[in-house]
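2 protein chains.
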Amino acid sequence: LRSSGSNSAKTLSRRPIGVFDSGLGGLTVVREIRRQLPHESVVYFGDIARLPYGIKSKQQILSFSIQNTLFLLKKKIKALVIACNSSSSAAFPFLKNHFNLAVVDVIQPAAEEAVKISNGSRIGVIATQATIQSGSYEKAIKKRNPKARIFSSACPLFVPLVEEGWLNHPITDEIIEHYLQPLRKQRIDTLILGCTHYPLLKERIRKIMKNGIPIVDSAQPTVRQLASLLEKKAISYPSNHKGSLKIFVSDLPRNFKRIGERFLGEKLHNLEIVREK
Amino acid sequence: LRSSGSNSAKTLSRRPIGVFDSGLGGLTVVREIRRQLPHESVVYFGDIARLPYGIKSKQQILSFSIQNTLFLLKKKIKALVIACNSSSSAAFPFLKNHFNLAVVDVIQPAAEEAVKISNGSRIGVIATQATIQSGSYEKAIKKRNPKARIFSSACPLFVPLVEEGWLNHPITDEIIEHYLQPLRKQRIDTLILGCTHYPLLKERIRKIMKNGIPIVDSAQPTVRQLASLLEKKAISYPSNHKGSLKIFVSDLPRNFKRIGERFLGEKLHNLEIVREK
Chain U
1 LRSSGSNSAK TLSRRPIGVF DSGLGGLTVV REIRRQLPHE SVVYFGDIAR LPYGIKSKQQ
61 ILSFSIQNTL FLLKKKIKAL VIACNSSSSA AFPFLKNHFN LAVVDVIQPA AEEAVKISNG
121 SRIGVIATQA TIQSGSYEKA IKKRNPKARI FSSACPLFVP LVEEGWLNHP ITDEIIEHYL
181 QPLRKQRIDT LILGCTHYPL LKERIRKIMK NGIPIVDSAQ PTVRQLASLL EKKAISYPSN
241 HKGSLKIFVS DLPRNFKRIG ERFLGEKLHN LEIVREK
Chain R
1 LRSSGSNSAK TLSRRPIGVF DSGLGGLTVV REIRRQLPHE SVVYFGDIAR LPYGIKSKQQ
61 ILSFSIQNTL FLLKKKIKAL VIACNSSSSA AFPFLKNHFN LAVVDVIQPA AEEAVKISNG
121 SRIGVIATQA TIQSGSYEKA IKKRNPKARI FSSACPLFVP LVEEGWLNHP ITDEIIEHYL
181 QPLRKQRIDT LILGCTHYPL LKERIRKIMK NGIPIVDSAQ PTVRQLASLL EKKAISYPSN
241 HKGSLKIFVS DLPRNFKRIG ERFLGEKLHN LEIVREK
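Top to bottom, those sequences are chains U and R.
In terms of the working numbering, the first sequence opens at residue 1 and continues consecutively.
In terms of the working numbering, the second sequence opens at residue 1 and continues consecutively.
Derived from the structure by calculation, the hints contain no laboratory data.
Note that the coordinates shown come from a computational prediction; the quantities given were computed from them, not determined experimentally.
Careful: at least some of the hints might be erroneous.
Because identical chains cannot be distinguished in the list, a pair is counted as satisfied if it fits within a single copy or across any two copies.
Said to hold, decoys possible - Under the rule of at most 30 Å between Cα atoms (straight-line distance), these lysine-lysine pairs were calculated in the DSBU-like manner: (1) Lys58 <-> Lys242; (2) Lys10 <-> Lys147; (3) Lys96 <-> Lys74; (4) Lys116 <-> Lys267; (5) Lys202 <-> Lys74; (6) Lys58 <-> Lys74; (7) Lys58 <-> Lys246; (8) Lys257 <-> Lys139; (9) Lys116 <-> Lys233; (10) Lys267 <-> Lys210; (11) Lys232 <-> Lys202; (12) Lys58 <-> Lys10; (13) Lys58 <-> Lys267; (14) Lys142 <-> Lys257; (15) Lys210 <-> Lys116; (16) Lys58 <-> Lys75; (17) Lys58 <-> Lys257; (18) Lys242 <-> Lys10; (19) Lys232 <-> Lys257.
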């Protein structure tokens with residue numbers, strides 16, 4: 001009995017890339033995959049039924065992340081992007097070590113990018129409570145630049161504000177000011193948006209920071225890292241076909257399609273609800 | 001083979017009351033059970049792993065609610081309180097019709113109370129998106145007073161604000177003002193707090209409404225209704241013993257114990273985490 005090389009690079013190359021997030025914020029990463037890697041197909045899973053992850057325990061987020069990965073493995077993916085910072089901080093080492101799969105998270109690439117562009121190595125990080133408490137950004141940055149100083153702030157109200165659609169609301173500005181003032185006072189020279197929801201607030205954050213420092217969001221560096229991993233493993237899509245996109249969600253309440261389209265930057269087609277049994 | 005009347009009133013009476021909520025907000029109802037019915041024991045389930053319910057679909061909330069009820073049935077409860085407005089609106093008829101169990105929700109009692117005390121039958125309701133969209137309060141009020149007019153406002157940021165602990169924050173006041181101004185303009189004469197998180201904002205809401213109208217929260221009328229149901233079925237606890245309280249949660253992140261104690265008004269002892277397998 002031969003398994004006939006079913007995991008050979010040649011066989012793998014035509015398979016889709018799996019991406020998961022607690023909700024639809026990870027579609028900001030999918031958008032970037034479609035821009036940088038238009039030939040690749042994507043299967044996305046958004047765990048809307050159990051979102052948000054960022055206020056839950058590490059053990060719980062790890063368990064959700066494993067379930068999401070198993071779901072995507074059944075879709076025969078060739079690589080996995082953990083497009084959720086809370087999951088990346090709770091589950092990246094586990095998924096990378098225990099699954100026979102190319103895995104990219106969103107924290108390592110953002111940390112690398114921030115270290116590369118930071119002038120004075122005073123790096124600010126804003127993220128959910130789970131991500132901040134995990135210390136994952138701190139570790140990822142220190143590994144690349146032991147002298148860097150990291151200043152972080154958990155911003156638990158940003159996700160609900162984005163979900164509520166208050167992107168240009170004066171109250172949102174006040175809340176941004178509240179969370180970012182301590183970082184501005186620390187004279188950070190680079191700011192990492194450590195949650196895939198936050199890019200929708202990027203322009204408001206830039207305006208309120210006033211100091212013109214670079215703002216790093218994970219999407220671009222993550223997809224660059226994905227691209228080089230696919231290349232290294234020789235599993236990039238071999239021809240010029242237009243990649244497809246299939247989106248699975250564990251629930252779909254009324255507002256979420258509208259929010260999802262804002263993240264993805266295109267209409268949400270090909271959407272399927274998979275409920276827990 | 002006889003089942004020996006294991007569900008007789010006498011056997012049932014010593015069993016605990018089951019209470020569930022998406023999180024710990026339902027502890028405001030437990031607090032009231034312990035005040036009004038100190039002899040009764042309570043088993044509580046807070047589905048923290050999957051909270052919040054109020055932004056999810058009706059079908060999803062129904063499915064979570066059934067799972068929670070099955071969990072509590074294994075704890076041999078004699079009656080069930082759905083201490084969550086989103087679950088009450090999505091699951092009360094189903095649970096009442098399909099389980100052989102005394103079931104109380106939080107919407108019917110609050111609606112009844114509001115109809116009783118409203119002077120001019122202009123009743124305001126604030127709640128989560130799921131509860132407002134369900135129209136459950138509207139139906140429950142109209143059933144009792146067909147002439148009543150109902151004005152409702154979904155307040156999706158209130159739960160995250162309470163979870164964040166911003167109970168007396170100026171930004172919270174602004175958000176309260178934002179959501180309640182339309183109701184004040186409609187000259188409502190009674191306001192229902194249609195979410196078990198909102199009682200923690202009651203005093204701020206009262207102050208911002210300015211008009212001194214009565215504010216109804218579900219806890220008191222719900223427990224009054226529970227008491228009369230137990231009496232009617234002759235399953236009230238038969239003696240003067242001090243009721244116990246056992247709390248199960250599906251996750252327990254760092255902050256939640258503190259928030260839970262604020263809802264319950266006493267220390268959280270006897271807490272157990274039950275994770276999804």
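For each hint, the structure was consulted:
1. In this homomeric assembly, Lys58 and Lys242 never come within 30 Å of each other (Cα to Cα): the closest approach is 38 Å inside a single copy and 37 Å across copies.
2. Proximity of Lys10 and Lys147 under a CA criterion of 30 Å is satisfied in neither setting, with 43 Å inside one chain copy and 71 Å between copies.
3. When the C-alpha separation of Lys96 and Lys74 is checked against a cutoff of 30 Å, the pair qualifies only within one copy, where the shortest distance is 17 Å, while the shortest distance between copies is 38 Å.
4. When the C-alpha separation of Lys116 and Lys267 is checked against a cutoff of 30 Å, the pair qualifies neither within a copy, at 34 Å, nor between copies, at 48 Å.
5. When the C-alpha separation of Lys202 and Lys74 is checked against a cutoff of 30 Å, the pair qualifies neither within a copy, at 35 Å, nor between copies, at 48 Å.
6. With identical chains, the CA atoms of Lys58 and Lys74 are at most 30 Å apart both within one copy (25 Å) and between copies (28 Å).
7. Taking the closest pair of Cα atoms, Lys58 and Lys246 come within 30 Å of each other both inside a single copy (28 Å) and across two copies (24 Å).
8. Taking the shortest alpha-carbon separations for Lys257 and Lys139, only the inter-copy value of 28 Å comes in at or below 30 Å, while the best intra-copy value is 35 Å.
9. Taking the shortest Cα distances, Lys116 and Lys233 sit within 30 Å of each other inside one copy (25 Å), while across copies they are farther apart (71 Å).
10. For the identical chains of this complex, Lys267 and Lys210 are neighbours neither inside a copy (33 Å) nor across copies (44 Å), given an alpha-carbon limit of 30 Å.
11. In this homomeric assembly, Lys232 and Lys202 never come within 30 Å of each other (Cα to Cα): the closest approach is 32 Å inside a single copy and 59 Å across copies.
12. Proximity of Lys58 and Lys10 under a CA criterion of 30 Å is satisfied in neither setting, with 37 Å inside one chain copy and 45 Å between copies.
13. Taking the shortest alpha-carbon separations for Lys58 and Lys267, only the inter-copy value of 24 Å comes in at or below 30 Å, while the best intra-copy value is 33 Å.
14. In this assembly of identical chains, Lys142 and Lys257 lie within 30 Å of each other by CA distance neither inside one copy nor across copies; the values are 38 Å within and 32 Å between.
15. In this assembly of identical chains, Lys210 and Lys116 lie within 30 Å of each other by CA distance solely inside one copy; the values are 22 Å within and 54 Å between copies.
16. For the identical chains of this complex, Lys58 and Lys75 are neighbours both inside a copy (26 Å) and across copies (28 Å), given an alpha-carbon limit of 30 Å.
17. Proximity of Lys58 to Lys257 under the C-alpha cut-off of 30 Å is found in both arrangements, the shortest distances being 28 Å within a copy and 16 Å between copies.
18. When the C-alpha separation of Lys242 and Lys10 is checked against a cutoff of 30 Å, the pair qualifies only within one copy, where the shortest distance is 18 Å, while the shortest distance between copies is 70 Å.
19. In this assembly of identical chains, Lys232 and Lys257 lie within 30 Å of each other by CA distance neither inside one copy nor across copies; the values are 36 Å within and 47 Å between.
The structure shown violates the earlier hints numbered 1, 2, 4, 5, 10, 11, 12, 14, 19.
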